[in-house]
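Chains A and B supply the protein sequences, listed in that same order.
Residue numbers for the first sequence follow the numbering used here, beginning at 1 and rising by one.
Residue numbers for the second sequence follow the numbering used here, beginning at 1001 and rising by one.
There could be a bad hint or two in this list.
Heads up, simulated DSS-like pairs for lysine-lysine below, C-alpha to C-alpha not over 27 angstroms straight-line [what the hints assert, rightly or not]:
| # | chain 1 | residue 1 | chain 2 | residue 2 |
| --- | --- | --- | --- | --- |
| 1 | B | K1458 | A | K5 |
| 2 | A | K138 | B | K1002 |
| 3 | B | K1566 | A | K497 |
| 4 | B | K1002 | A | K123 |
| 5 | B | K1312 | B | K1290 |
| 6 | A | K97 | B | K1287 |
| 7 | B | K1002 | B | K1532 |
| 8 | B | K1254 | B | K1341 |
| 9 | A | K312 | A | K138 |
| 10 | B | K1123 | A | K2 |
| 11 | A | K5 | B | K1341 |
| 12 | B | K1497 | A | K563 |
| 13 | A | K458 | A | K16 |
| 14 | B | K1138 | A | K138 |
| 15 | A | K123 | B | K1097 |
Cβ-Cβ distance ranges computed for the label pairs, FRET-style [stated by the list, open to error]:
| # | chain 1 | residue 1 | chain 2 | residue 2 | range |
| --- | --- | --- | --- | --- | --- |
| 16 | B | E1494 | A | N103 | 46 to 54 angstroms |
| 17 | B | E1559 | A | E419 | 46 to 54 angstroms |
| 18 | B | V1393 | A | R510 | 49 to 57 angstroms |
These are computed hints drawn from the structure, not numbers from a lab.
From a predicted model like this one, the values you see are computed outputs, not experimental measurements.
A virtual CB, placed ideally from N, CA and C, is assigned to each residue, including glycine.
Protein chains: 2
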Amino acid sequence: MKVSKLLGERFKEAPKDCSIESHALMMRGGYMKYLSNGSYSLFMPAKRITRKIENIIREEMDRIDGQEVLMPVVMPATIWEESGRYTSIGSEMARLKDRSGNNMVLGMTHEEAAVHLARDTAKSYADFPFMIYQIQTKFRDEPRCRGGLIRVREFTMKDAYSFHTSQEDLEQYYDLCYTAYERIFARAGAKNVIGVKSDSGMMGGKVSHEFMLLTEIGEDTLAICPECGYKANMEAAECVVENETAVELAPLTKVHTPDAKTIEEVAKYLSVNDKNLCKAVVYQQNKDDKYVVVFVRGDLEVNETKLRNYLKEEIHPAFITEESGIVEGFIGPMNLPKHAKVIFDASTKGLTNAVCGANEVDYHYAGFNIERDYGKVDYVDVAKIYEGAICPVCGKPVISISRGIEVGNIFQLGTKYTESMDMTYLDADGVAKHPIMGCYGIGVGRLAASICQESHDKYGPIWPMSIAPWQVEVCNLRRDNDKVNETADMLYAELTKAGVEVLYDDRDIRPGAMFADADLLGVPVRVVVSPKTCDRDVVEVSFRDKSFKADIAIGSAVEEIAKLVKAELAKYDI
Amino acid sequence: MKVSKLLGERFKEAPKDCSIESHALMMRGGYMKYLSNGSYSLFMPAKRITRKIENIIREEMDRIDGQEVLMPVVMPATIWEESGRYTSIGSEMARLKDRSGNNMVLGMTHEEAAVHLARDTAKSYADFPFMIYQIQTKFRDEPRCRGGLIRVREFTMKDAYSFHTSQEDLEQYYDLCYTAYERIFARAGAKNVIGVKSDSGMMGGKVSHEFMLLTEIGEDTLAICPECGYKANMEAAECVVENETAVELAPLTKVHTPDAKTIEEVAKYLSVNDKNLCKAVVYQQNKDDKYVVVFVRGDLEVNETKLRNYLKEEIHPAFITEESGIVEGFIGPMNLPKHAKVIFDASTKGLTNAVCGANEVDYHYAGFNIERDYGKVDYVDVAKIYEGAICPVCGKPVISISRGIEVGNIFQLGTKYTESMDMTYLDADGVAKHPIMGCYGIGVGRLAASICQESHDKYGPIWPMSIAPWQVEVCNLRRDNDKVNETADMLYAELTKAGVEVLYDDRDIRPGAMFADADLLGVPVRVVVSPKTCDRDVVEVSFRDKSFKADIAIGSAVEEIAKLVKAELAKYDI
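Chain A on its own, in the form it takes in the complex (with noise of 0.2 angstroms):
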């Protein structure tokens, strides 16, 4: 390919809305075209990488024996109402009507596809396991589009669907699939991939991981226990805590306490520490705005997603109102209305002599302790792990927290889906079941900006070999002096002659503006051509990266180049 007509800018500024660096530098690269929010087109650089990534996803699922298979992105919402998420699922998913009239959806993941085309085919329990995927366009309704291709609303996604007639079959799948994307990852070149456990969300299921990609500006936060090697995503992290247990039980007494709303004043003014506190977070349903109050170890927060989870129902802060009986800043466990519901979580098991609210202005109560003076409770883990916290796993105080991108995620879905559509096969026995299934995603155009987030310098983006739009770019700084043009013609020719992938920068400009080009399109071989060169019968050959700089005899160029190229790839060739 030649620079002159790759279509595409390449610029020096970054538009204003990109706050993330490889958004910034696949703008400045010509790399991709804002269209609509949450919307790129992607120009030919772009489209060669994730058509690499696409490649290796590919061949990591057929060395699992997935069968590659294709199913509609306009689906009908029959489907969708058999499993019951064409109302569960909400304004994420777009849906229109066709000319007929009749609902249809845009595809934003295909569980129901998936077993509408498995059912009725897959009878027998001989036919199992097998695993099905596609590398197809969906498209998310996302509220908050961020950085460039890493969060958008149309995308392209590897989806695979994997069913099983027992759970321990799924398990051993899962674990196949968990060292496929393992590989897969590495191929592509990421460096800082792990797998943690997850939060399964709408999916359904139980277990499931998460893929990150670690990087400062992740959106998903992430506990690391760096003694036992435990990983999970915040939202799926079990928050454990020790509480001192004192050994007298104090009285009950309610104590004045004027003004004192917040943790941090009601600690001060009672000269108590925060870990004695017994904390209230409310929160309302969306269903039904019914409160929910959540009891919270003074020193820890509430996760949301955890305690939605626990609810099984959509949540908001809570307004609360002078009718609901709740007085803010002085809730507590006792007297309190009884139309809300009451959490407690796991951090307030244990708790002797609290400090709660008392539910009266001005008013808390002090020498709490729940089982005494509240009753017996179900204690429910909804708080959120933080830095130096209790490793669930191993039991030390060293959880570390991290940030990271999600690059894929794989899930144990058990018969959420064939039982409400009704799949069923066979047995041995002659016995109608259920099959179990497992699914597994990966976003291609967001493991390609995530790379470029992790692989880049000021200058543009620093594609690792596998995935790299092209292998060589031969750079033509004289396009007026004749063994120059000869010399950087000939490599073009000859390099793409022998199977290498070579950009050619045959434009008339300037070396500073070239040079400035080949950063931004991160070309990891580049091959600079010029009289200075040409005079000393070489070529001036550098990585991207840095890591190989040398001159090499025009004679044996091709040869030299070639090797290179083929033993950068190897290195990813697991």
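Once you've looked at the hints, dock chain B against the given chain A.
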């Protein structure tokens, strides 16, 4: 791949809604599953076929310097408003609102998105010409889906858009693309594809060609001249006639023609040839119900598409009311109500002493001579060409009518989109100009189905080696025989290792059922391993198209079969 795990059912009875053989065979062979009107999920065999077709297309597009890009499926209505097509395209374009209430459309074609992508990035004449293409999902809300993948609502399409600074440059590139298309169809194994002149329809522009796979089940009708090679879609074929001119003009005479309303009745009643009748065909414009009366020679029909293109209006056959003043069965040019639009087809030019309606119940005129009795008229070509018609190029009366499926099309678009969407570049003199566009489409699934239609027997598809889902199928006829098992397993493993794509039927079923399934899967080379062949230390190798059958020694089978595959593949490697 092992058939025992291949998802998709193969069965004997064609589904009731399959009127076309390829549709029936692709349903029976487990290639696809109906999801909703005009929408199918593809199983692995179909996905493999379409992916191979896509790869062929990609290689040929790259060969003519195409840049692969990716544009969104879901587009903002705004860019379609710029071009004017948001209102001019009817209900075949699916529309929806996003969560913010913005109007969005599903892409049925991408001229607007292509101009959006290219404008502001190609600013100088030196950036031209260039071509961008994508292989991507389209949704077109077809009123009449048919033939399985032949006419669907959701489909995968390769669409390409080229941009030029002169008409000559466009024409040169257009020819390159024409050749690339011929190569694509030949490489995919389509035997009877011809390029025909076509009507440009809603695309705009003047010159366009369709690539038609000739088959009697085709929806399109083509006019072909076996003498000079003229080929055109009927909608684009000029209908040329010769009228015998009378030596003496007869006087215009009103004649009583009781109950003679049809051409046949009038011709019979007045004992004249239908070629001497001036027939009226009446339509109404959709937008205002205005009547359009077309006069055409009595033996000919009106081609509605040609009429529509001339009028630049949507039309429908007229519902003639009493108030209209139009006298059904006796319509003629004279005394016709003034509100009707009158069109004379070119076939009426030179008619002498003709018969036409008198616009009065039970009366016609004889001796009608258009220019003498009615006045000067502009003749327009809106008649349907017919078998044996005069070739508009070489003038011989040998036009033959064929049917075909449109598997690709190419258009010279001109500046319709670059003008309406204001894409400009600076030419060498610094003057801003609109680039000239071409666009080029191929429907991937339709091509697959069309090849199946042209290449099948009653047992199943006969896939060309270049797009076959697998290259070789190994049939293990006796799972309980050690030598058969060993040999078949070995062939599966070793052929796969040798780079051959092998489907392995490892099921414990009757040979008849296994062969029936193999016929439906249409794999070009079949290798049968049975106790009989093993006793003779051979396997039985045959081609699905019956062109080859031989016993091959087990010891050399891998090598020999790989050679056969290579030789077959080479036939498509043009």
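- Straight-line alpha-carbon gap K1497 of chain B to K563 of chain A, limit 27 angstroms: This hinted pair holds, its Cα atoms lying about 25 angstroms apart.
- Task: Sort out whether K5 of chain A lies within 27 angstroms of K1458 of chain B, counting only the CA atoms.
- Result: 50 angstroms, violated
- Query: Are the Cα atoms of K138 of chain A and K1002 of chain B separated by 27 angstroms or less?
  - Reply: 30 angstroms, violated
- Taken at face value, is the distance from the CA of K1097 of chain B to the CA of K123 of chain A at most 27 angstroms? Violated: K123 of chain A and K1097 of chain B sit about 40 angstroms apart, past 27 angstroms.
- Quick one: are V1393 of chain B and R510 of chain A within 49 to 57 angstroms, going by C-beta? 55 angstroms, holds
- Message: Please verify whether K458 of chain A and K16 of chain A have alpha carbons no more than 27 angstroms apart.
- Response: Roughly 17 angstroms between the alpha carbons, so the hint for K458 of chain A and K16 of chain A holds.
- Message: Hint check: K1002 of chain B vs K1532 of chain B, CA-CA at most 27 angstroms. Holds or violated?
- Response: At roughly 23 angstroms apart (the allowed maximum being 27 angstroms), K1532 of chain B and K1002 of chain B satisfy the hint.
- Query: Holds or violated: 46 to 54 angstroms for the Cβ distance of E1559 of chain B and E419 of chain A?
  - Reply: The hinted range 46 to 54 angstroms holds for E1559 of chain B and E419 of chain A, with Cβ atoms some 51 angstroms apart.
- Is the straight-line distance between the alpha-carbon of K97 of chain A and that of K1287 of chain B 27 angstroms or less? Status holds; Cα separation ~24 angstroms.
- Query: Does K123 of chain A lie within 27 angstroms of K1002 of chain B when you go C-alpha to C-alpha?
  - Reply: 17 angstroms, holds
- Item | Straight-line alpha-carbon gap K1566 of chain B to K497 of chain A, limit 27 angstroms | Given that 27 angstroms is the threshold and the Cα spacing comes to 22 angstroms, the pair holds.
- Please work out if K1254 of chain B and K1341 of chain B have their alpha carbons no farther apart than 27 angstroms. Distance of about 23 angstroms is within 27 angstroms: holds.
Of the numbered hints listed earlier, those contradicted by the structure are 1, 2, 11 and 15.
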